[in-house]
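Taking the hints into account, I'd like the entire structure generated from these sequences.
These protein sequence lines are chains P and E, in that order. Note that numbering that gives the first Met the number 0 has the first sequence beginning at 0, numbered continuously upward. Note that numbering that gives the first Met the number 0 has the second sequence beginning at 0, numbered continuously upward.
Incorrect hints may have been included.
In the SDA-like style, the derived pairs of lysine to any residue whose C-alpha atoms are separated by at most 25 Å in a straight line are [as the list claims (entries may be wrong)]: (1) K89(E) to F14(P); (2) K218(P) to R66(E); (3) K7(P) to L89(P); (4) K222(P) to E68(E); (5) K7(P) to G111(P); (6) K15(P) to S83(E); (7) K126(E) to L6(P); (8) K217(P) to R76(E); (9) K15(P) to Y120(E); (10) K15(P) to E68(E); (11) K218(P) to K106(E); (12) K106(E) to I223(P); (13) K222(P) to K123(E); (14) K217(P) to K106(E); (15) K125(E) to I84(P); (16) K15(P) to K13(E); (17) K12(E) to I223(P); (18) K125(E) to L74(P); (19) K222(P) to K126(E); (20) K222(P) to K125(E); (21) K15(P) to K89(E); (22) K218(P) to E75(E); (23) K16(E) to I193(P); (24) K69(P) to S37(E); (25) K89(E) to L89(P); (26) K16(E) to I11(P); (27) K123(E) to F14(P); (28) K69(P) to S131(E); (29) K222(P) to N5(E); (30) K217(P) to S131(E); (31) K89(E) to I144(P); (32) K13(E) to I220(P).
These aren't lab readings, by the way, just hints derived from the structure by calculation.
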Amino acid sequence: MRFLNALKSDIIFQFKHGFYAIYSVLTLFYVLILTYIPKEFSDIIAPLIIVSDPSLLGFFFIGGILMLEKTQGILDYLLVSPLHIFEYLLAKMTSLTLIALFSSLIIAYSSGLSFNPFVLTLIIIIISSFFTLLGFIVALQCETINQYFVKIIPSIILLIVPCMLLFVVNDLLIIKLIPSVASIYLILGVFQGIYLWEFLIYSTSLIIFIILCFSYIKKYIFKILYGGK
Amino acid sequence: MITVNNLSFSYNKKQPKVIKGIDFSVDKGEIFGFLGPSGAGKTTTQRAIIGLLRGYEGSIQIMGRERSEWNNEIFERIGVAFDSPNLYIKLTAIENLELMASYYQTKPRDILKLLKRVQLYEAKDKKVESYSRGMKMRLNFIRAILHNPTLIFLDEPTAGLDPVNAKIIKDMIVELKHQGKTIFLTTHNMEVADVLCDTIAFIVDGSIPLIDSPKNLKLTYGSHKVIVEFMERQQITSREFDFQEIKHSKEFLDILQNKEIKTIHSQEATLEDIFIQITGRELS
Numbered sequence: 000m001r002f003l004n005a006l007k008s009d010i011i012f013q014f015k016h017g018f019y020a021i022y023s024v025l026t027l028f029y030v031l032i033l034t035y036i037p038k039e040f041s042d043i044i045a046p047l048i049i050v051s052d053p054s055l056l057g058f059f060f061i062g063g064i065l066m067l068e069k070t071q072g073i074l075d076y077l078l079v080s081p082l083h084i085f086e087y088l089l090a091k092m093t094s095l096t097l098i099a100l101f102s103s104l105i106i107a108y109s110s111g112l113s114f115n116p117f118v119l120t121l122i123i124i125i126i127s128s129f130f131t132l133l134g135f136i137v138a139l140q141c142e143t144i145n146q147y148f149v150k151i152i153p154s155i156i157l158l159i160v161p162c163m164l165l166f167v168v169n170d171l172l173i174i175k176l177i178p179s180v181a182s183i184y185l186i187l188g189v190f191q192g193i194y195l196w197e198f199l200i201y202s203t204s205l206i207i208f209i210i211l212c213f214s215y216i217k218k219y220i221f222k223i224l225y226g227g228k
Numbered sequence: 000m001i002t003v004n005n006l007s008f009s010y011n012k013k014q015p016k017v018i019k020g021i022d023f024s025v026d027k028g029e030i031f032g033f034l035g036p037s038g039a040g041k042t043t044t045q046r047a048i049i050g051l052l053r054g055y056e057g058s059i060q061i062m063g064r065e066r067s068e069w070n071n072e073i074f075e076r077i078g079v080a081f082d083s084p085n086l087y088i089k090l091t092a093i094e095n096l097e098l099m100a101s102y103y104q105t106k107p108r109d110i111l112k113l114l115k116r117v118q119l120y121e122a123k124d125k126k127v128e129s130y131s132r133g134m135k136m137r138l139n140f141i142r143a144i145l146h147n148p149t150l151i152f153l154d155e156p157t158a159g160l161d162p163v164n165a166k167i168i169k170d171m172i173v174e175l176k177h178q179g180k181t182i183f184l185t186t187h188n189m190e191v192a193d194v195l196c197d198t199i200a201f202i203v204d205g206s207i208p209l210i211d212s213p214k215n216l217k218l219t220y221g222s223h224k225v226i227v228e229f230m231e232r233q234q235i236t237s238r239e240f241d242f243q244e245i246k247h248s249k250e251f252l253d254i255l256q257n258k259e260i261k262t263i264h265s266q267e268a269t270l271e272d273i274f275i276q277i278t279g280r281e282l283s
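As structure tokens, then:
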């Protein structure tokens with residue numbers, strides 16, 4: 000029940016701060032791109048847009064949301080309410096994943112490509128959850144949105160460089176297990192087909208990173224926010 | 000309700016302790032004031048008791064159990080109003096209170112009645128971002144007591160309030176005490192502490208040099224004298240008498256019987272005077 004109330008709070012909060020409006024415009028922009036590009040490019044452009052969608056959304060929106068919550072003192076208050084940190088994070092992940100899902104499905108359908116919507120939904124949930132938690136960890140250590148944009152640079156480099164490496168070496172499993180690369184393979188798999196074992200390996204890698212992020216936040220949130228040993 | 004024994008805390012292993020082995024206890028139904036200048040350790044101690052700081056040394060017993068052994072359910076019974084408002088600024092007062100009440104299992108108190116009490120009823124449907132700081136502080140206060148907690152932490156509850164609204168909040172704090180609630184009040188405003196608190200702890204540089212009731216402190220540390228001001232040869236004149244000698248003082252009795260008295264004051268010290276006397280520091 001508390002989780003549902005936290006989810007309701009998050010949806011109201013995001014709506015009132017214009018996050019939904021921004022994302023509607025962004026989705027419309029993506030749809031227009033996919034409508035006007037030649038069909039042969041859609042095969043690669045649509046999955047890339049979709050993979051960037053939940054990741055960027057999770058990563059950037061959570062930064063904005065947390066900064067707003069910090070400046071309004073909401074986070075301080077929620078930490079002295081019965082709401083458990085797990086419920087709080089789950090509500091954040093769910094609210095942002097819902098937007099990502101809505102947007103990704105619209106983009107996927109407008110691309111004209113064939114795909115399994117249930118598999119896409121599952122994959123979006125996993126990818127969005129990871130990037131939301133990672134963005135949360137970075138945002139937790141920032142006081143202003145400008146600080147956040149500076150502090151996410153190392154994380155972005157760590158996630159993008161392995162994607163670039165795919166152009167040089169694409170048969171190293173260790174690179175494929177990095178969340179950003181695993182996300183690309185999973186989304187490409189939705190449209191181009193993927194073996195079950197591949198799906199399981201990439202998903203498990205992302206789920207392990209999700210658990211690691213969760214554990215980190217649960218263990219260090221009070222120390223990061225308020226100091227102490 | 001709260002028993003703190005030998006509490007120490009440092010934000011970093013390499014930094015000196017900001018709380019240095021303090022001891023105190025707060026009884027049920029008491030208003031306990033934590034009085035000290037900025038940076039003395041008031042907020043740190045309050046945060047440790049609430050549970051926001053991890054890794055403290057010593058013991059914090061709260062409602063019969065060590066603080067670290069409580070899970071989040073303790074917050075069903077605790078209300079906290081920080082020194083700055085914690086509110087959703089894009090929501091109205093009512094939306095804020097309803098939303099925050101939804102996190103608690105306890106049925107919330109009558110929201111409209113509370114809003115009327117702190118004179119926010121007329122502005123109940125306005126977004127909080129349009130509120131003045133005083134309005135936000137009042138809303139913050141009722142948000143902290145909305146779930147009917149038994150232990151309430153208030154950090155500078157009258158900061159930013161005009162005298163009328165400050166009085167409303169002070170009256171409500173006294174009412175909460177009469178309802179059996181325990182209140183932990185953190186302030187550097189000695190007038191608020193004097194009027195409201197049953198017990199006051201002075202905190203300076205992470206230590207508590209003195210704990211007592213405001214009345215005892217004033218009696219102990221005030222000078223035991225009476226100053227009488229009266230008219231003499233068309234001028235205001237004053238005389239000082241020791242408490243011990245007034246009943247035998249012919250001069251005192253003569254002034255009372257034959258002069259036009261302007262004022263009579265016992266020379267009890269203010270909490271600020273005592274604070275400076277004990278700690279050598281000023282409150283603000």
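Against the structure, the hints:
1. K89(E) to F14(P): Measuring from Cα to Cα gives roughly 10 Å; hence the hint holds.
2. K218(P) to R66(E): 17 Å, holds
3. K7(P) to L89(P): Holds: K7(P) and L89(P) sit about 12 Å apart, inside 25 Å.
4. K222(P) to E68(E): 18 Å, holds
5. K7(P) to G111(P): 33 Å, violated
6. K15(P) to S83(E): At roughly 22 Å apart (the allowed maximum being 25 Å), S83(E) and K15(P) satisfy the hint.
7. K126(E) to L6(P): 21 Å, holds
8. K217(P) to R76(E): 23 Å, holds
9. K15(P) to Y120(E): Since the Cα atoms of K15(P) and Y120(E) sit roughly 23 Å apart, the hinted pair holds (cutoff 25 Å).
10. K15(P) to E68(E): 38 Å, violated
11. K218(P) to K106(E): Outside the cut-off at roughly 31 Å; violated.
12. K106(E) to I223(P): This hinted pair is violated, its Cα atoms lying about 33 Å apart.
13. K222(P) to K123(E): Cα-Cα ~36 Å, so violated.
14. K217(P) to K106(E): Violated - the C-alpha atoms of K106(E) and K217(P) are around 29 Å apart, more than 25 Å.
15. K125(E) to I84(P): Given that 25 Å is the threshold and the Cα spacing comes to 30 Å, the pair is violated.
16. K15(P) to K13(E): 44 Å, violated
17. K12(E) to I223(P): OK: K12(E) and I223(P) at ~15 Å, within 25 Å.
18. K125(E) to L74(P): 22 Å, holds
19. K222(P) to K126(E): 33 Å, violated
20. K222(P) to K125(E): 36 Å, violated
21. K15(P) to K89(E): 6 Å, holds
22. K218(P) to E75(E): Holds. K218(P) to E75(E) sits at ~22 Å (cutoff 25 Å).
23. K16(E) to I193(P): 57 Å, violated
24. K69(P) to S37(E): 22 Å, holds
25. K89(E) to L89(P): 22 Å, holds
26. K16(E) to I11(P): 42 Å, violated
27. K123(E) to F14(P): 21 Å, holds
28. K69(P) to S131(E): Given pair K69(P), S131(E) holds - Cα atoms ~19 Å apart, limit 25 Å.
29. K222(P) to N5(E): 22 Å, holds
30. K217(P) to S131(E): Violated: K217(P) and S131(E) sit about 35 Å apart, past 25 Å.
31. K89(E) to I144(P): With a Cα-Cα distance of about 18 Å, the restraint between K89(E) and I144(P) holds, given a limit of 25 Å.
32. K13(E) to I220(P): Holds, at roughly 21 Å.
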